[in-house]
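When you get a sec, could you build the whole thing from the sequences and use the hints?
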Amino acid sequence: MAPMTRDELRELIANGENSMLEFKKDDLHPSSLAEEIVAFANMAGGKILLGVDDNGEIVGVRRPAIEEWVMNICNTTIVPQIIPGFFRIRFEANREVVILEIPQGLAKPYCTRGGKYLIRVGTTKRIASTDELARLFQSRGMLHIDTTPVWEGTTQDIDLAKANAYFVRYKQLDLLSKEESKRLTILANGDLLKKVSDCYIPTIGGILLFGKEPQRHIPASGITFARFEGDTIDSPLVDNQQLDGTLPDVVEAAQRVVLGHLPRTMELDGVRRMHGFPYSREALRESLVNALVHRDYGIRGSKVRVLLFSDRLEIRSPGSLPNSVTIEKMKQGTSYARNPMLMRYMENMDYTDRLGMGVPMIMQEVKRLAGKEPLLVEKDQEFWLTLFPRV
1 MAPMTRDELR ELIANGENSM LEFKKDDLHP SSLAEEIVAF ANMAGGKILL GVDDNGEIVG
61 VRRPAIEEWV MNICNTTIVP QIIPGFFRIR FEANREVVIL EIPQGLAKPY CTRGGKYLIR
121 VGTTKRIAST DELARLFQSR GMLHIDTTPV WEGTTQDIDL AKANAYFVRY KQLDLLSKEE
181 SKRLTILANG DLLKKVSDCY IPTIGGILLF GKEPQRHIPA SGITFARFEG DTIDSPLVDN
241 QQLDGTLPDV VEAAQRVVLG HLPRTMELDG VRRMHGFPYS REALRESLVN ALVHRDYGIR
301 GSKVRVLLFS DRLEIRSPGS LPNSVTIEKM KQGTSYARNP MLMRYMENMD YTDRLGMGVP
361 MIMQEVKRLA GKEPLLVEKD QEFWLTLFPR V
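If you count the sequence shown from 1, position 188 lands on 188 in our numbering, and the numbers rise without skipping.
These are calculated hints, taken from the structure and not from any lab test. Predicted model, so just to flag it, every value in this text is computed and none were measured. Some hints could be false.
Stated by the list, open to error - Result set (EDC-like, lysine to aspartate or glutamate): computed pairs, CA atoms no more than 20 Å apart in a straight line:
| # | residue 1 | residue 2 |
| --- | --- | --- |
| 1 | Lys25 | Glu67 |
| 2 | Lys24 | Asp54 |
| 3 | Lys162 | Glu252 |
| 4 | Lys178 | Asp159 |
| 5 | Lys195 | Glu180 |
| 6 | Lys372 | Glu282 |
| 7 | Lys47 | Glu17 |
| 8 | Lys24 | Glu11 |
| 9 | Lys47 | Glu57 |
| 10 | Lys24 | Glu101 |
| 11 | Lys47 | Glu11 |
| 12 | Lys25 | Glu36 |
| 13 | Lys171 | Asp191 |
| 14 | Lys24 | Asp53 |
| 15 | Lys212 | Asp249 |
What the hints assert, rightly or not - With beta-carbon atoms standing in for the labels, derived distance ranges:
| # | residue 1 | residue 2 | range |
| --- | --- | --- | --- |
| 16 | Gly333 | Gln241 | 28 to 38 Å |
| 17 | Lys367 | Ala93 | 56 to 66 Å |
| 18 | Pro263 | Leu237 | 13 to 23 Å |
| 19 | Glu213 | Pro103 | 37 to 47 Å |
| 20 | Glu92 | Ser235 | 46 to 56 Å |
| 21 | Glu96 | Glu328 | 32 to 42 Å |
| 22 | Gly56 | Glu282 | 51 to 61 Å |
| 23 | Glu213 | Glu11 | 49 to 59 Å |
Built from N, CA and C at the ideal position, the CB exists for glycine as well.
Next comes the structure, spelled out in structure tokens:
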């Protein structure tokens, strides 16, 4: 963090606490400070100002050897260890404020020695729920939700005809010719089922890829499509559809719906006139696949949203970027599969690849047609991709 001036710190304090800023006097118990640090590290990071009371009054720190005290807390009461930035700013009357800069943790989830997994919500901290904790483990790559069981499901929820068509075409293996026990073993080895004691239970990935009614078990797994007359979300709504089914079904349906709303354009291929679209079909398809394959299925209440405006197409996918992936790394071809089992099957079905070249291709295609690159933004636990039309 760049050094902060006294005036900048006063302005920061005057704006009050928020999701990334906490005020504390330095007489708090070590476990309380550890909990605040853990909550910030498990989310987007933030700052703790020691020597500022809840009302924003600068009271200064009085604890001797405060840096040693803070670092000892980080080393001994937080798992895994965290090293925060540590800065001091001195005010008149020898009042000193200590700024702890807590980075967004790359080794999530963090917890206290007492086993508390906390997150920062608004201006407060709280214990992470089961779903939130699962997403924290998932962000570190320690848990892949696509291979977890759908506990209320049964083997009857898998469309055996669809699964068999896949195995015959891509694995040269006819499931229907196998006895049931062997068939169940093959599906479990492919992560479509999970064996629990003596029972076989479908996985989230199994339901998403080959489920008879995927949305019955995973309601938010489809796509919400909306077309607006203008360029804002409060513009008149022209069309609104819920696109459900397995992932391949949803990709195909979404592409048909989007292309059906686009005007045809004329372009020349040598001397021939060709019908085209304002958006690259290849970039559109890759964007839809990425949104479905890489979304966070631990966020249960949100579907992928495809929003067609008069001047752009937005694809909003639930979940922030996983692990250490950044937008700049994505543009350069860095790939990390949040749902590697889904990625493997969709790659086998020629919907995508694991080489990390999908995003660079989207960037190139959109820039070629529109004269500018698409926008990639993380916003409110969603990943937004904005495509622009041909100029």
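Structure-based check of each hint:
Among the hinted pairs, Lys25 with Glu67 is consistent with the structure: their alpha-carbon atoms are about 14 Å apart, no more than 20 Å. Simply put, Lys24 and Asp54 have alpha-carbon atoms about 7 Å apart, close enough for the 20 Å limit, and the pair holds. Taking the CA atoms of Lys162 and Glu252, the gap is near 16 Å; set against the 20 Å cutoff, the hint holds. Of the pairs offered as hints, the one joining Lys178 and Asp159 holds, with about 16 Å between alpha carbons and a cut-off of 20 Å not exceeded.
As the CA atoms of Lys195 and Glu180 are separated by approximately 14 Å, the hinted pair is consistent with the 20 Å bound. With a CA separation close to 17 Å, the supplied pair Lys372 and Glu282 stays within the 20 Å bound. Using a Cα cut-off of 20 Å, the hinted pair Lys47 and Glu17 holds, with the two alpha carbons roughly 10 Å apart. Taking the CA atoms of Lys24 and Glu11, the gap is near 17 Å; set against the 20 Å cutoff, the hint holds.
With a CA separation close to 16 Å, the supplied pair Lys47 and Glu57 stays within the 20 Å bound. Restraint check: the Cα-Cα separation between Lys24 and Glu101 comes to about 14 Å, which is no more than 20 Å; the hinted pair holds. Taking the CA atoms of Lys47 and Glu11, the gap is near 14 Å; set against the 20 Å cutoff, the hint holds. Taken as a hint, the Lys25 and Glu36 pair is honoured in the structure, with Cα atoms around 13 Å apart against an allowance of 20 Å.
Of the supplied pair hints, the one linking Lys171 and Asp191 holds, its CA atoms being roughly 15 Å apart against a limit of 20 Å. In summary, the hint linking Lys24 to Asp53 is supported, as the alpha carbons are separated by about 6 Å, within the 20 Å threshold. Restraint check for Lys212 and Asp249: the C-alpha separation of about 12 Å stays at or below 20 Å, so the hint holds. Between Gly333 and Gln241 the beta carbons are some 33 Å apart, a value that agrees with the proposed interval 28 to 38 Å.
The beta-carbon spacing between Lys367 and Ala93, approximately 57 Å, falls within the hinted interval of 56 to 66 Å. For the hinted restraint 13 to 23 Å between Pro263 and Leu237, the CB-CB distance of approximately 19 Å keeps it satisfied. Taking the beta carbon of each, Glu213 and Pro103 are about 43 Å apart, inside 37 to 47 Å as hinted. Range check, Glu92 to Ser235: about 54 Å between beta-carbon atoms, so the 46 to 56 Å window is met.
For the pair Glu96 and Glu328, the supplied restraint of 32 to 42 Å holds, since their beta-carbon distance comes to about 37 Å. Between Gly56 and Glu282 the beta carbons are some 53 Å apart, a value that agrees with the proposed interval 51 to 61 Å. In this structure the supplied range 49 to 59 Å holds for Glu213 paired with Glu11, their Cβ-Cβ distance being about 55 Å.
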